[in-house]
Amino acid sequence: MAAVATCGTGVGKTGSMVMAGSKNNVTGFQRRGPRASGSDSSYSRLVSIAGTRPSVRNGQLLVSTGLPALDQLLGGGLAVGTVLLIEEDKYNIYSSLLFKYFLAEGIVNGHTLLVASAKEDPADILQELPAPLLDDNGKKDFDEDVCNHKTSESNIKMKIAWRYQLLPKMEAISSSRFGHYYDVSKKMPQELIEASKVHGFFFPEKSSSTPNIEPCSLTHGYIKLLQFIQNIIYEEGFDGSNPQKKQKNILRIGIQNLGSPLWGDDICCTENCDNSHSLTKFLYVLRGLLRTSLSACVITMPTHLIQNKAIIARVTNLSDTVVGLESFIGSERETNPLYKDYHGLIHIRQIPRLNNLIYDVSDVKDLAFKLKRKLFTIEVRENF
Amino acid sequence: GKLTLLCDANTDGSFLVHHFLSFYLKANCKVCFVALIQSFSHYNIVGQKLGVSLTAARECGQLVFLEGLKSSVDVFFRTQAEPHPLQFLRSANAENLQPLYEFVREALKPADDGEAAWRCPVLLVDDLSVLLSLGMGAVAVLDFIHYCRATVCWEWKGNIVALVHDSGDTEDEENNILLNGLSHQSHLILQAEGLATGFCRDVHGQLRILWRTPSQPTAQRDRSLTYQYKIQDKSVSFFAKGMSPAVL
Numbered sequence: 537m538a539a540v541a542t543c544g545t546g547v548g549k550t551g552s553m554v555m556a557g558s559k560n561n562v563t564g565f566q567r568r569g570p571r572a573s574g575s576d577s578s579y580s581r582l583v584s585i586a587g588t589r590p591s592v593r594n595g596q597l598l599v600s601t602g603l604p605a606l607d608q609l610l611g612g613g614l615a616v617g618t619v620l621l622i623e624e625d626k627y628n629i630y631s632s633l634l635f636k637y638f639l640a641e642g643i644v645n646g647h648t649l650l651v652a653s654a655k656e657d658p659a660d661i662l663q664e665l666p667a668p669l670l671d672d673n674g675k676k677d678f679d680e681d682v683c684n685h686k687t688s689e690s691n692i693k694m695k696i697a698w699r700y701q702l703l704p705k706m707e708a709i710s711s712s713r714f715g716h717y718y719d720v721s722k723k724m725p726q727e728l729i730e731a732s733k734v735h736g737f738f739f740p741e742k743s744s745s746t747p748n749i750e751p752c753s754l755t756h757g758y759i760k761l762l763q764f765i766q767n768i769i770y771e772e773g774f775d776g777s778n779p780q781k782k783q784k785n786i787l788r789i790g791i792q793n794l795g796s797p798l799w800g801d802d803i804c805c806t807e808n809c810d811n812s813h814s815l816t817k818f819l820y821v822l823r824g825l826l827r828t829s830l831s832a833c834v835i836t837m838p839t840h841l842i843q844n845k846a847i848i849a850r851v852t853n854l855s856d857t858v859v860g861l862e863s864f865i866g867s868e869r870e871t872n873p874l875y876k877d878y879h880g881l882i883h884i885r886q887i888p889r890l891n892n893l894i895y896d897v898s899d900v901k902d903l904a905f906k907l908k909r910k911l912f913t914i915e916v917r918e919n920f
Numbered sequence: 014g015k016l017t018l019l020c021d022a023n024t025d026g027s028f029l030v031h032h033f034l035s036f037y038l039k040a041n042c043k044v045c046f047v048a049l050i051q052s053f054s055h056y057n058i059v060g061q062k063l064g065v066s067l068t069a070a071r072e073c074g075q076l077v078f079l080e081g082l083k084s085s086v087d088v089f090f091r092t093q094a095e096p097h098p099l100q101f102l103r104s105a106n107a108e109n110l111q112p113l114y115e116f117v118r119e120a121l122k123p124a125d126d127g128e129a130a131w132r133c134p135v136l137l138v139d140d141l142s143v144l145l146s147l148g149m150g151a152v153a154v155l156d157f158i159h160y161c162r163a164t165v166c167w168e169w170k171g172n173i174v175a176l177v178h179d180s181g182d183t184e185d186e187e188n189n190i191l192l193n194g195l196s197h198q199s200h201l202i203l204q205a206e207g208l209a210t211g212f213c214r215d216v217h218g219q220l221r222i223l224w225r226t227p228s229q230p231t232a233q234r235d236r237s238l239t240y241q242y243k244i245q246d247k248s249v250s251f252f253a254k255g256m257s258p259a260v261l
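Protein chains in written order, with my numbering: chain A, 537 to 920; chain B, 14 to 261.
I should point out that these hints are in silico values taken from the structure, not numbers from a laboratory.
Predicted, not measured: the structure shown is a model, and the values here were computed from it.
There may be inaccurate statements among the hints.
Stated by the list, open to error - Here are the simulated DSBU-like cross-link-like pairs (lysine-lysine), alpha carbons at most 30 Å apart as the crow flies:
(1) K247/B - K901/A
(2) K626/A - K784/A
(3) K15/B - K243/B
(4) K845/A - K655/A
(5) K62/B - K254/B
(6) K39/B - K62/B
(7) K742/A - K39/B
(8) K83/B - K845/A
(9) K901/A - K15/B
(10) K15/B - K62/B
(11) K876/A - K722/A
(12) K784/A - K83/B
(13) K733/A - K723/A
(14) K83/B - K733/A
(15) K901/A - K243/B
As the list claims (entries may be wrong) - Over 12 Å on every C-beta distance to chain B, these chain A residues come out as not near it, computed from the model:
(16) S584
(17) Q608
(18) T828
(19) D856
Where is the CB? At the ideal position from N, CA and C, for every residue including glycine.
All chains, full assembly: derive it from the sequences and hints.
Okay, structure coming up:
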């Protein structure tokens, strides 16, 4: 996957005992000799990046999607270097919520964010992120939510919340837990947003300049977005090309409403579209960029609008993880007594087999979700 | 020289690709692997579980690996001096896959001194359906396979193994054309499909094996066999239909 190449630049060129700056070294002092610095830099490589953990299945580096219930279904989290495609529900309510959870998780963990949208200004999206539940007060209300929860992860949740009672309130940036809970009724504190590094791509602003790649059947919007992403990855060293970085970090890329007409793509408009390969090519090159860098991407796509079913199949094959949301709003299921406890269904359509012949797949395919103020639960549909 | 077609419908047939890769490497053949879907390290790690080391094979020249994902970034963002096998990514309407064919030809060409360090050349492609997603027409992909067959299978007596996704009931016409065209040309078809009854933990799917003789279309009936399989960490276990150890 991502080739994490550290290079030992800290060897003192002149003197013997050099008090080197703490770029790759664990200790302040550094003895003369290239071999010492080599082992030091490899030690610092083992120091893990905040907000990630290795998968128990195949050692793959995982980041949280912002929703611990979804992390569990995906085998522990979202693998670094892969794409999570969320098929939007009809009115784009819950999928944009999942999108925001992903970004909020990035801010809480101190990851760099890249938010791309053709509909909303990324700055506005950031203002609407839910607040993380990290402090004491959250735990009390949390308990009553937990009592209603029927699965066994409730015990784990209470235990985790306990540990963070002791942390001061604004230590959220260095929170070392994997996967947090968010309160959708409150907004993310402004200090946290400002402390994080966010790159925004708002397509209407960038559409005026011409791209410097010759037209290759990709729509204008996609070419600009790819260049933007590649630029960020290269300049900030997420692909290991810039060895001066002192602390490795993850780039979380969130792309909203990909494939919608606002990006200039017409696959949602007609069945026989002119540039039917635009989206698939974009996904392919994007995946190529992700595989060679320390980044993870979440894309929401209005697949229910795509007229050509073949394109949906191709898009699914080109993404690593695919999750579909189906909300009950506006459908006949809303008033159906069988579904009264839930807000919608969640379909895990595809999970990647990375570095392995097999994958972690849960036994149950009938999953429904329900959104409470502080908890987004995914449960097995109990009453049939 | 044989063309083996792998296709998967409703399930993931990549275990077949891993199998053939390790099989041919262990058999000491020269392999050209056009890997368009996953990265090199993915195949390497799975290969190690199956008993081959791709890095060692690549270093000694037995394996020529075209890593599609990584090369696509190079091709797309930087103008290349000489033609690149994945050049069609940059062009608006690429006509054919000739650069890719040239790459394969160059990779599998037998050594000039006449001494064969390796046994027959093998071309492995994972997978061809992705080429359709990247803007090539079904006819262009079929032409590419035809050229490769003429060179690798007929001239150099090698084998070709290619994976194509079967789109099932989604009306992907281009994919169906490609699949049908290749089915008629291949000697062996391995079709992995999910169980008709849905997901099962103990039986991951069903594998249908079909032996064909494309040169004599009207002659004897083709042989076919069906097995069900379960994929494990380092191998795949096959059993006859209904004979899964979980059931018995």
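When the structure is checked against the list of hints, which entries are broken? Sort them ascending. Violated hints (numbers, rising): 2, 7, 9, 18 and 19; every other hint is consistent with the structure.
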